[in-house]
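Trainee: Mapping to our numbering: the sequence shown position 34 is 36, numbers consecutive.
Take the hints with a grain of salt, since some may be wrong.
Okay, derived cross-link-like pairs now, EDC-like style, lysine to aspartate or glutamate, Cα gap no bigger than 20 angstroms in a straight line [what the hints assert, rightly or not]:
1) K57 <-> E117
2) K68 <-> E117
3) K110 <-> D33
4) K107 <-> E117
5) K57 <-> D33
6) K62 <-> D33
7) K61 <-> E121
8) K57 <-> E120
9) K110 <-> E121
10) K61 <-> D91
Honestly, the hints are just simulated from the structure, not real lab data.
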Amino acid sequence: MDMWKIVHIPDKPPIPPNQQPTVNVLASVIDPKHANTLIRRLNQIAPFENLCHVKRIQKKHLEGGKTQLSVILCLASEDNSLLNSLPQDVQELSNSYQLSPFVTKVCKYAATSKEEWEEQCKLWPTSYHPPTYY
3 MDMWKIVHIP DKPPIPPNQQ PTVNVLASVI DPKHANTLIR RLNQIAPFEN LCHVKRIQKK
63 HLEGGKTQLS VILCLASEDN SLLNSLPQDV QELSNSYQLS PFVTKVCKYA ATSKEEWEEQ
123 CKLWPTSYHP PTYY
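Required output: the full structure, derived from the provided sequences and hints.
Mentor: Take a look at the structure:
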């Protein structure tokens, strides 16, 4: 009679953010009262096609209990020069809200484990959808 043996297959270790593939984006600190309007407009004029796991906004808690919001405006160009990177619509939006774009990195691919997601969020918030097995 054949016996079945249960073998434990450990999860793969999370990939630290400095080893995960990243992509450069242009972001800006924003006034929280403009967040909703800016996000809606940016989703129309500069949608995230291949970065749907990346959250558009980042919230940081500063000293003294203050909160700082930053929003991703768009992908950065290959040469990372700010002036050439902003599409016309995004440039106009940036000018009208007096934004100061800066280059930052986000993870290129969605996390495959909770641990990997926690590491990704150290760069910029992402969403995590655990795999479902049927």
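Trainee: Compare the structure with each hint and give your call.
Mentor: Evaluation of the provided hints:
The hinted pair formed by K57 and E117 meets the criterion: a straight-line CA distance of about 18 angstroms does not exceed 20 angstroms. Only pairs whose Cα atoms come within 20 angstroms are accepted, and K68 paired with E117 is rejected, the gap being roughly 28 angstroms. Between K110 and D33 the alpha-carbon distance is near 27 angstroms, which puts this suggested pair outside the 20 angstroms criterion. At roughly 19 angstroms between alpha-carbon atoms, K107 and E117 fall within 20 angstroms of each other, so this suggested pair holds.
A C-alpha spacing of about 17 angstroms is found between K57 and D33, which places the hinted pair at or below 20 angstroms, so the restraint holds. Among the hinted pairs, K62 with D33 is consistent with the structure: their alpha-carbon atoms are about 13 angstroms apart, no more than 20 angstroms. Distance hint between K61 and E121 is fulfilled; the C-alpha atoms sit about 16 angstroms from each other, no more than 20 angstroms. Annotation: proposed proximity of K57 to E120 holds, straight-line Cα distance about 14 angstroms (limit 20 angstroms).
Under the criterion of a C-alpha separation no larger than 20 angstroms, the hint pairing K110 with E121 is consistent with the structure, at around 13 angstroms. At most 20 angstroms may separate the alpha-carbon atoms for a hinted pair to count; K61 and D91 exceed this at roughly 24 angstroms.
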